[in-house]
Structures are given as C-alpha cells and as structure tokens.
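Going line by line, the protein sequences match chains L and E. Heads up, the first sequence is in the numbering used here, so the first residue is 1 and it goes up one at a time. Heads up, the second sequence is in the numbering used here, so the first residue is 1 and it goes up one at a time.
Note that these hints are calculated values from the structure, not bench results. Keep in mind that this is a model prediction, so the values were computed, not measured. One should not assume that every hint holds.
Below 20 Å or equal to it, Euclidean Cα-Cα: the simulated SDA-like pairs (lysine to any residue) are [unchecked claim]:
1) Lys288/E x Asn277/L
2) Lys218/E x Lys377/L
3) Lys377/L x Ala427/L
4) Lys244/L x Ser279/E
Pairwise CB distance ranges (calculated) [unchecked claim]:
5) Glu389/L x Lys362/E: 29 to 37 Å
6) Gly280/E x Thr46/L: 52 to 60 Å
7) Leu344/L x Phe47/E: 42 to 50 Å
8) Glu24/L x Ala192/E: 50 to 58 Å
9) Glu24/E x Pro56/L: 52 to 60 Å
10) Leu187/L x Thr256/E: 28 to 36 Å
11) Asp258/L x Glu183/E: 41 to 49 Å
12) Thr256/E x Lys172/L: 30 to 38 Å
Every beta carbon over 10 Å from chain L, so not counted as near; a handful from chain E, in silico [as the list claims (entries may be wrong)]:
13) Val119
14) Asp193
15) Phe237
16) Arg300
17) Met415
Positions of the beta carbon are idealized from the N, C-alpha and C atoms, including for glycine.
Number of protein chains: 2
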Amino acid sequence: LTEVGIGIVGLGNVGTGTLDILVENARQIEEKLGFPLRVKAICARTFDKKQLPELPASVVRTTEWKEVVAHPEVDIVVEVIGGIGVAAHLIEAALRAGKSVVTANKELIAARGAQLWSVANRAGVNLAMEASVAGGIPIHAVLREGIAGDRVIGLYGILNGTSNFILTEIEKSNSAFEAVLAEAQRLGYAEADPTADVDGLDARSKLCILAALAFGEKLTPTDIYSEGIRRILPVDFRYAHQLKHTIRLLCSAQQTPDGLLLSVRPSLIPQSTILANVSGAYNAIWVKGAYGEDTFYYGRGAGPRPTGVAVVSDLMRVAREIRFGSPERVSPFAHDRLGEYRPLPITRYQSAYYLRFRVEDKPGIIAALAGILAKHKISLDAVLQLPLENWRDLPFVITTEPATEEAIRSAVSEMTGSDFLTEPPLAMPMERGF
Amino acid sequence: LTEVGIGIVGLGNVGTGTLDILVENARQIEEKLGFPLRVKAICARTFDKKQLPELPASVVRTTEWKEVVAHPEVDIVVEVIGGIGVAAHLIEAALRAGKSVVTANKELIAARGAQLWSVANRAGVNLAMEASVAGGIPIHAVLREGIAGDRVIGLYGILNGTSNFILTEIEKSNSAFEAVLAEAQRLGYAEADPTADVDGLDARSKLCILAALAFGEKLTPTDIYSEGIRRILPVDFRYAHQLKHTIRLLCSAQQTPDGLLLSVRPSLIPQSTILANVSGAYNAIWVKGAYGEDTFYYGRGAGPRPTGVAVVSDLMRVAREIRFGSPERVSPFAHDRLGEYRPLPITRYQSAYYLRFRVEDKPGIIAALAGILAKHKISLDAVLQLPLENWRDLPFVITTEPATEEAIRSAVSEMTGSDFLTEPPLAMPMERGF
Numbered sequence: 001l002t003e004v005g006i007g008i009v010g011l012g013n014v015g016t017g018t019l020d021i022l023v024e025n026a027r028q029i030e031e032k033l034g035f036p037l038r039v040k041a042i043c044a045r046t047f048d049k050k051q052l053p054e055l056p057a058s059v060v061r062t063t064e065w066k067e068v069v070a071h072p073e074v075d076i077v078v079e080v081i082g083g084i085g086v087a088a089h090l091i092e093a094a095l096r097a098g099k100s101v102v103t104a105n106k107e108l109i110a111a112r113g114a115q116l117w118s119v120a121n122r123a124g125v126n127l128a129m130e131a132s133v134a135g136g137i138p139i140h141a142v143l144r145e146g147i148a149g150d151r152v153i154g155l156y157g158i159l160n161g162t163s164n165f166i167l168t169e170i171e172k173s174n175s176a177f178e179a180v181l182a183e184a185q186r187l188g189y190a191e192a193d194p195t196a197d198v199d200g201l202d203a204r205s206k207l208c209i210l211a212a213l214a215f216g217e218k219l220t221p222t223d224i225y226s227e228g229i230r231r232i233l234p235v236d237f238r239y240a241h242q243l244k245h246t247i248r249l250l251c252s253a254q255q256t257p258d259g260l261l262l263s264v265r266p267s268l269i270p271q272s273t274i275l276a277n278v279s280g281a282y283n284a285i286w287v288k289g290a291y292g293e294d295t296f297y298y299g300r301g302a303g304p305r306p307t308g309v310a311v312v313s314d315l316m317r318v319a320r321e322i323r324f325g326s327p328e329r330v331s332p333f334a335h336d337r338l339g340e341y342r343p344l345p346i347t348r349y350q351s352a353y354y355l356r357f358r359v360e361d362k363p364g365i366i367a368a369l370a371g372i373l374a375k376h377k378i379s380l381d382a383v384l385q386l387p388l389e390n391w392r393d394l395p396f397v398i399t400t401e402p403a404t405e406e407a408i409r410s411a412v413s414e415m416t417g418s419d420f421l422t423e424p425p426l427a428m429p430m431e432r433g434f
Numbered sequence: 001l002t003e004v005g006i007g008i009v010g011l012g013n014v015g016t017g018t019l020d021i022l023v024e025n026a027r028q029i030e031e032k033l034g035f036p037l038r039v040k041a042i043c044a045r046t047f048d049k050k051q052l053p054e055l056p057a058s059v060v061r062t063t064e065w066k067e068v069v070a071h072p073e074v075d076i077v078v079e080v081i082g083g084i085g086v087a088a089h090l091i092e093a094a095l096r097a098g099k100s101v102v103t104a105n106k107e108l109i110a111a112r113g114a115q116l117w118s119v120a121n122r123a124g125v126n127l128a129m130e131a132s133v134a135g136g137i138p139i140h141a142v143l144r145e146g147i148a149g150d151r152v153i154g155l156y157g158i159l160n161g162t163s164n165f166i167l168t169e170i171e172k173s174n175s176a177f178e179a180v181l182a183e184a185q186r187l188g189y190a191e192a193d194p195t196a197d198v199d200g201l202d203a204r205s206k207l208c209i210l211a212a213l214a215f216g217e218k219l220t221p222t223d224i225y226s227e228g229i230r231r232i233l234p235v236d237f238r239y240a241h242q243l244k245h246t247i248r249l250l251c252s253a254q255q256t257p258d259g260l261l262l263s264v265r266p267s268l269i270p271q272s273t274i275l276a277n278v279s280g281a282y283n284a285i286w287v288k289g290a291y292g293e294d295t296f297y298y299g300r301g302a303g304p305r306p307t308g309v310a311v312v313s314d315l316m317r318v319a320r321e322i323r324f325g326s327p328e329r330v331s332p333f334a335h336d337r338l339g340e341y342r343p344l345p346i347t348r349y350q351s352a353y354y355l356r357f358r359v360e361d362k363p364g365i366i367a368a369l370a371g372i373l374a375k376h377k378i379s380l381d382a383v384l385q386l387p388l389e390n391w392r393d394l395p396f397v398i399t400t401e402p403a404t405e406e407a408i409r410s411a412v413s414e415m416t417g418s419d420f421l422t423e424p425p426l427a428m429p430m431e432r433g434f
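Construct the entire structure; sequences and hints are all you get.
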C-alpha cells in the first residue's frame with residue numbers, strides 16, 4: 001500500500017496541534033492504518049514565528065489555499081481556519097476537485113453541514129467533522145458507528161468549555177461573573193470578545209450539529225433557543241446547593257411525540273448526577289438511547305492537541321476509505337425524511353423551574369408573586385431565602401412544580417412589571433432527564 | 001442497493017435483545033445505512049417458551065448452528081452463545097466460509113482474539129466484537145476510530161457490573177459481602193456461581209481485550225494480575241471515606257518506559273474523581289492519551305438491549321463494508337511489533353497503599369507493624385483507627401507513601417506471621433492516575 005497525502009489549511013492552534021501529531025505519532029498511525037499519512041502542503045497567512053515540527057523540504061509552504069487544494073499529491077484537505085467565508089469556499093472547492101475534507105469548523109457545519117455533505121457525496125468524497133464538536137470527545141464516531149444501532153431519544157451536553165470554566169469558578173470562589181470572566185481572559189480561557197462563549201452561541205452551533213446527527217434531522221442554529229450565563233450570580237449557586245443542585249450551561253435536545261425540544265441555557269442539575277461533576281474547561285455529553293439506555297462521554301472541549309486528535313482520527317478514517325474505496329453513501333444528516341423530529345417552540349418545554357428575584361424589601365412581595373403564579377396555574381414548590389447581609393436587593397428564590405415554559409414566561413412577564421423588582425426575574429429549568 | 005443477510009446463533013439475553021432491535025428499529029437502521037439488514041436464520045438450543053418478535057415465515061429456525069453458517073443468504077453470523085468451545089468452532093467455520101462474524105464473546109476474544117482475527121483477515125472478512133466489553137459503551141469504536149490518532153498511555157476501568165453493584169451496596173448499606181451477594185443473586189444481578197464476577201476473572205478478560213486494542217499488543221488474560229472483592233468489609237469503606245476515597249474493583253493498564261502494568265483489583269480511588277461516581281451495575285472507562293489527554297466513557301455494562309445495541313452497531317458497520325467492499329486490512333490487535341508494550345510483573349507497580357489489619361488487641365502492635373514497614377523501606381503516611389464497638393478483632397488501617405508492590409508484598413508476607421493478626425493484612429493500592 002502507498003501513502004495518502006494531506007494538505008492543511010490554517011496553522012493556528014488546531015492546525016499546529018494536528019501537524020504535531022501527524023509528525024510525532026507517525027509510526028503508530030502507519031501501524032494502525034497499514035500505510036502512512038504524509039503531509040504534502042501547508043497553508044498559513046504567515047509562517048513568521050510559527051513553531052512547526054520538522055518537515056521534508058518537499059512539503060509545499062504557501063499562503064494561498066488554492067495551492068493546497070490543487071496540489072496533485074493532496075488527497076485530503078484539512079480546513080482549520082474557521083469562520084464562514086473563506087472556509088466555505090475552500091471546502092467546496094476541495095470537494096468539487098474530488099478531494100475529501102476534514103474540518104473542525106463548527107460554525108460552518110452547523111449552518112451548512114447537510115448542504116456541504118451533499119456536495120461531497122455528489123463528488124464521491126467524504127466530509128469529516130469530528131473536531132467540530134467537543135474537541136477531545138469522539139462523539140461523532142460514537143453516534144455514527146458506536147451506537148448506530150440505537151435510536152437516540154435525548155441528548156444533554158456541556159459543550160462550551162469557557163462558560164463551564166467561568167461557572168465552576170463562580171461556584172468555587174463566590175466571585176462575580178465580571179471578575180471571573182476577566183480572570184479567564186487573563187488565563188487565555190476566554191477571548192477578548194467573549195460573546196460567542198458566554199452568550200451560548202458557540203454551544204448552540206455544537207448542539208445543532210450533534211442533534212442533527214443524533215436525530216437525523218435538518219436543523220439550523222436558529223432552531224435552538226439559547227440564553228447565556230451573564231446573569232448568574234454567586235448567590236444562585238448558594239441557592240442551587242441548598243436544593244442539592246448546581247448550575248451549568250446545559251445543551252438539551254429531547255425527542256417528544258410532537259418533535260424536538262432544543263435549548264442552550266443555564267440550568268439547575270442535580271449534584272448527584274455525573275454531569276454535575278464536570279468542572280472547568282471540560283466538555284461532556286449524556287446520551288439517552290431507546291435501547292442502550294444512558295451513555296456518557298467526557299473529555300477536553302478544546303486545545304490544540306485534543307482537537308488535533310479528532311482531526312487526525314478523521315484523517316485516518318477517510319484515508320482508509322480512499323485506500324479501500326468506500327466512502328459512506330448515506331448522509332449523516334437528515335436520514336429521517338418523515339419530519340417526526342421537527343424542532344418545537346421552546347414554549348412547549350416542561351420542567352420544574354427555579355425563579356430568582358431581586359427586590360426592594362416591602363411587605364406583601366411573596367403574596368404578590370405567588371398570586372401571579374397561581375393565576376398562570378403554576379404550583380409553587382418552595383420559597384428559599386438565605387440570611388444575606390450587604391445586599392441592597394435581597395435575592396430570594398421560588399421553585400415551582402413542573403410547568404410549561406409558556407406558563408413560566410407569561411408569569412415572568414407579568415411579574416416584570418411589579419414595582420418592587422429591581423430587575424426581571426431569572427428563570428432556569430431544573431433538569432432531571434439524566 | 002440490496003439487503004445484507006444476518007444469521008443469529010444463540011437466543012439468550014443478548015441474542016433476543018439483538019433480534020428485538022433489528023426488528024423494532026429496522027426503519028432507522030435502513031435509513032442510516034441506505035439498505036436493510038434482514039434476519040435470514042436464527043439458531044437456539046430450543047425455541048420453547050421464547051418470546052421472539054414476529055419474523056417472516058421464510059426465516060430459518062434451527063437448533064443446528066451449521067445451518068446458519070451454511071445458509072446462502074446469511075452474509076454475517078452473530079455469535080452470542082458465549083464460552084470457548086462451540087463458539088470457537090462456529091466462528092472459525094463462519095470465517096472460513098467467507099462470512100463476517102459479530103460476537104459478544106469476551107472470554108473467547110480475550111483468549112484467542114488475535115488468532116481469530118487472522119483467520120478473518122485471510123478469508124477477507126471481518127470479525128467485530130464491540131459487544132465483548134462493556135455492553136452499552138461503544139469503547140471499541142472509540143479506540144478503533146474515535147481516538148485512533150492518539151497514543152493511549154493509560155486506561156482505567158470499572159468493567160464488571162456485578163462487583164460494582166455489590167461494592168456500592170456494601171458502601172450504601174454497611175452490610176457484609178455475603179449478605180449483599182445473596183441479595184444481588186436474588187435480584188438477578190449476580191449468578192448462582194458468582195466466581196467469574198466477584199473474583200475478577202470476567203473483568204480480567206475485558207481488560208485483556210481493551211488493553212490489546214489500546215496498546216496494540218498481544219495479551220492473554222494470565223498476563224494480568226487479578227484479585228477479587230470477597231475480602232472487602234463495610235469498615236473498609238468507612239476508612240476509605242475518612243481518606244476521601246471510595247473502593248472499586250479497578251481495572252488498570254498503564255504504559256511505563258519498560259512495558260505495561262496490568263491489574264484488576266479492589267483499589268482506593270479519590271471521591272472527587274468522576275470514576276468514583278460510577279455506582280451500581282454500570283461500567284466506565286477512563287482513557288489517558290498522549291495527545292488528547294483524558295477522556296471518559298460510561299454506560300450499561302450488560303443487559304439484553306444495551307449489549308444488543310453494540311451487536312447491531314457492529315452489524316451496520318460490517319454490512320456497510322460488505323456492500324462497499326472495504327474490510328479493514330490491519331489487525332486491531334498487535335499493530336505494534338516492537339514489543340515496547342510487553343506486560344511487566346505486577347511487583348513493578350508503584351503506588352501509595354492502604355493496609356488494613358484485623359488483630360487481637362495487645363500492646364506494641366503498631367510498633368511491630370511500623371518496624372516491618374521500615375525494614376522494607378516503606379514510609380508510613382497515616383494510622384487510622386475508628387472507635388469501633390462490637391468488633392472482636394479491631395480493624396485498623398495504615399496508609400503508606402508511594403512504594404512498589406514488591407516491597408509491600410514482602411512486608412505483608414512478613415507481617416502475616418505475626419501472632420496478633422487474625423487474618424493476613426488486606427493491601428489495596430490508592431490509585432491517583434486519573
């Protein structure tokens with residue numbers, strides 16, 4: 001058997017991690033495959049100051065991605081530049097040129113994965129994307145092959161390492177969101193513009209991809225209700241702990257008889273669950289199968305080498321297909337054509353809820369809030385008030401019996417008008433599905 | 001595309017679970033594959049009293065496995081009878097007849113996996129065995145594809161659901177091993193003859209398969225040191241908790257510069273780890289990669305449907321290969337030919353240890369034991385003695401600084417001669433590798 005040639009476009013964190021593994025782990029890769037993977041071309045905006053492993057002089061170094069795609073010895077193109085614009089052009093160009101593509105681009109795959117997969121299929125090549133979700137966790141291999149025989153009925157995940165790091169720091173140190181975010185930025189766990197991470201958009205793209213694969217349904221990120229973590233206070237963790245829960249930015253995809261309920265939002269989850277033990281910059285995914293029941297997957301959510309492992313593992317799989325002539329012929333997206341997994345409005349969601357209020361102390365507040373809940377047919381479960389000093393606006397909590405998101409929203413909206421509230425109530429579901 | 005034909009030999013728990021999924025989940029399976037899997041023949045010792053799903057009249061029902069193997073429309077044979085004897089004959093016969101085999105047989109694969117794989121390879125067919133380890137966890141898919149690009153440097157597992165159920169029951173209820181075992185037998189979690197489960201032999205077969213796949217080394221179960229859970233007392237959990245640990249039957253495979261350290265033995269593991277949160281009849285595997293760092297996998301260890309999912313997922317993968325003509329050409333076993341992963345004697349193991357003693361109360365016991373430890377150059381870390389009433393023989397604990405298993409064994413052997421001990425000391429490593 002001869003070699004399979006690789007071209008890498010993008011030499012940021014993931015690109016250099018991939019290159020490092022391809023070079024350092026070359027012997028094991030060849031032993032597992034029976035033939036070598038050889039890097040033939042690499043492309044970066046600039047090669048200044050890059051710490052690259054030693055490569056043969058014959059390897060093309062270019063700043064033009066088209067040279068990588070056109071290189072006759074490149075069989076598989078690795079796209080690790082990210083974003084929607086250039087990445088989409090280059091992936092389409094490579095696929096149309098008959099080259100398989102391995103990508104780590106969650107944003108692009110979430111938005112256009114099924115369409116790009118069709119391009120690949122028409123060209124008789126593959127589009128692999130293990131690295132696009134939960135870097136170090138091989139969740140695509142699990143869904144595509146490992147539990148392919150099962151029917152997924154629910155999927156819960158912690159898919160954004162930055163916000164999980166921030167939440168667990170707030171929990172540990174009792175510090176405010178802004179202070180913890182600044183510290184995370186200093187440590188390099190959060191970007192200068194943290195919006196995509198802390199507002200749930202990054203997690204939403206990832207859930208979009210996972211739910212599309214798990215349920216075989218065409219989904220776009222805007223099908224998913226999402227909410228970030230900026231409003232979480234340290235005191236919310238104290239209340240959550242009283243309830244034997246913790247708070248995580250939870251990605252949730254549940255099948256109901258009417259369709260899919262999809263959301264990314266801060267949620268209370270029981271401390272006794274394994275998911276509650278996922279701390280720091282880790283990712284985790286809980287899958288409920290109709291036959292295999294619960295399985296759980298955990299690992300680094302990002303990082304050059306963990307994500308590089310995902311890229312290299314995809315390269316090995318695609319290379320094996322190229323050598324032995326067997327691309328998959330059925331899209332991992334949208335294998336279900338009956339529409340039973342169409343996304344539902346989040347208002348259909350049902351759960352017990354945690355409602356946290358900040359108020360100016362006056363008599364009759366609980367009575368007023370309880371009256372609004374009763375009006376919307378929501379049963380109150382408990383009222384919690386910690387003996388807090390140094391608070392102007394007395395945060396306290398009401399938990400409810402299971403209710404629909406629709407009823408909770410109507411109640412919250414009516415409460416928001418009350419003159420004793422200093423900000424709108426914070427509502428979080430108390431998730432018990434895993 | 002036309003169909004791929006399936007023959008099932010064995011209609012016990014796993015066989016009927018597999019059949020149920022193939023029938024109930026047929027539409028999803030066909031949508032994912034692009035063609036159907038069709039059951040063509042089933043074989044059982046008897047069909048009396050079997051609750052089987054409805055099958056077409058054309059499906060062959062037989063008590064002779066040879067009829068399944070010889071059936072011209074059977075492309076893949078499922079072996080789910082277990083054991084070494086008949087199973088080995090039938091798998092070899094099927095492979096030599098040019099039929100791929102899917103098996104759930106851990107005992108056979110642990111003992112002869114690499115050899116059977118060679119038979120399959122020479123015949124140009126596949127031998128798939130996801131169901132042979134940790135039923136509901138797709139760990140083979142993970143090692144073979146998901147993290148193929150990584151180099152595994154350590155693997156820790158809880159691989160026997162029965163003993164994990166018994167240990168967590170002892171922990172919860174403070175009851176003796178014998179009472180909990182009897183209860184587990186009553187509930188169907190333990191077999192009438194519990195030896196394979198509680199003495200670590202079942203877990204040893206599973207670790208043997210996983211380590212062979214993870215490290216690419218030829219291994220047999222007797223390469224693995226194993227020890228069961230019969231000696232664990234409820235009081236061991238009380239001491240473990242004092243040390244912020246719990247006790248699990250831990251399977252451990254660690255790469256060292258000199259070779260592999262392999263063991264199955266009750267071990268103390270820190271309560272703060274995710275592995276310590278694995279309770280009841282669940283399985284879990286912690287993998288350390290040179291590049292991808294830590295990943296973790298959790299699910300049902302057994303059960304007709306979780307194991308059935310593993311069988312059906314293997315069937316889908318092998319069927320895809322048959323349709324598109326691409327069996328793997330490199331053995332998942334023994335891809336490393338340099339011998340750097342040869343198993344080492346367990347005496348090379350290094351760890352802090354927990355030593356538990358039952359003694360007749362006399363003066364000078366601690367001094368005598370500490371003297372023996374000092375003589376073997378083992379540093380004592382702590383002495384723990386709970387205020388226990390109603391104990392004739394006062395169990396107490398000494399923990400050590402890291403020492404080799406060899407030194408610990410010498411010390412324990414010397415201690416065992418002491419007249420104040422009512423039984424030999426119980427030594428367990430305190431595992432901190434994950």
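(request) Could you let me know if the closest chain L CB is still more than 10 Å away from the CB of Asp193/E? (result) Label holds. Min Cβ-Cβ 27 Å, cutoff 10 Å.
(message) If I claimed the Cβ atoms of Glu24/L and Ala192/E lie 50 to 58 Å apart, would that claim hold in this structure?
(response) Check passed, 51 Å falls within 50 to 58 Å.
(request) Given the hint of 52 to 60 Å, check if Glu24/E and Pro56/L actually sit that far apart at their C-beta atoms. (result) Holds, at about 54 Å.
(message) For the hint 42 to 50 Å, verify it against the beta carbon of Leu344/L and that of Phe47/E.
(response) 44 Å, holds
(message) Does Ser279/E sit within 20 Å of Lys244/L, going by the straight-line distance between their CA atoms?
(response) Holds, because 18 Å separates the two Cα atoms, which is no more than 20 Å.
(request) Find the nearest Cβ of chain L to the Cβ of Arg300/E and say whether that gap is larger than 10 Å. (result) 5 Å, violated
(request) Look at the Cβ atoms of Asp258/L and Glu183/E and judge whether their distance stays inside 41 to 49 Å. (result) 42 Å, holds
(request) Check the following: the C-beta atoms of Leu187/L and Thr256/E are separated by a distance inside 28 to 36 Å. (result) At roughly 33 Å between Cβ atoms, Thr256/E and Leu187/L fall inside 28 to 36 Å, so the hint holds.
(request) Beyond 10 Å from every chain L Cβ: check whether that's true for Met415/E. (result) Since the minimum Cβ distance to chain L is about 37 Å, Met415/E lies beyond 10 Å and the statement holds.
(message) Does the beta carbon distance between Gly280/E and Thr46/L stay inside 52 to 60 Å, or does it fall outside?
(response) 55 Å, holds
(message) Against the range 29 to 37 Å, how does the distance between the Cβ atoms of Glu389/L and Lys362/E compare: consistent or not?
(response) Cβ of Glu389/L to Cβ of Lys362/E: about 56 Å, so the range 29 to 37 Å is violated.
(message) Check the hint pairing Lys218/E with Lys377/L against an upper bound of 20 Å on the C-alpha distance.
(response) At roughly 65 Å apart (the allowed maximum being 20 Å), Lys377/L and Lys218/E break the hint.
When each numbered hint is compared with the structure, violations occur for hints 2, 5, 16.
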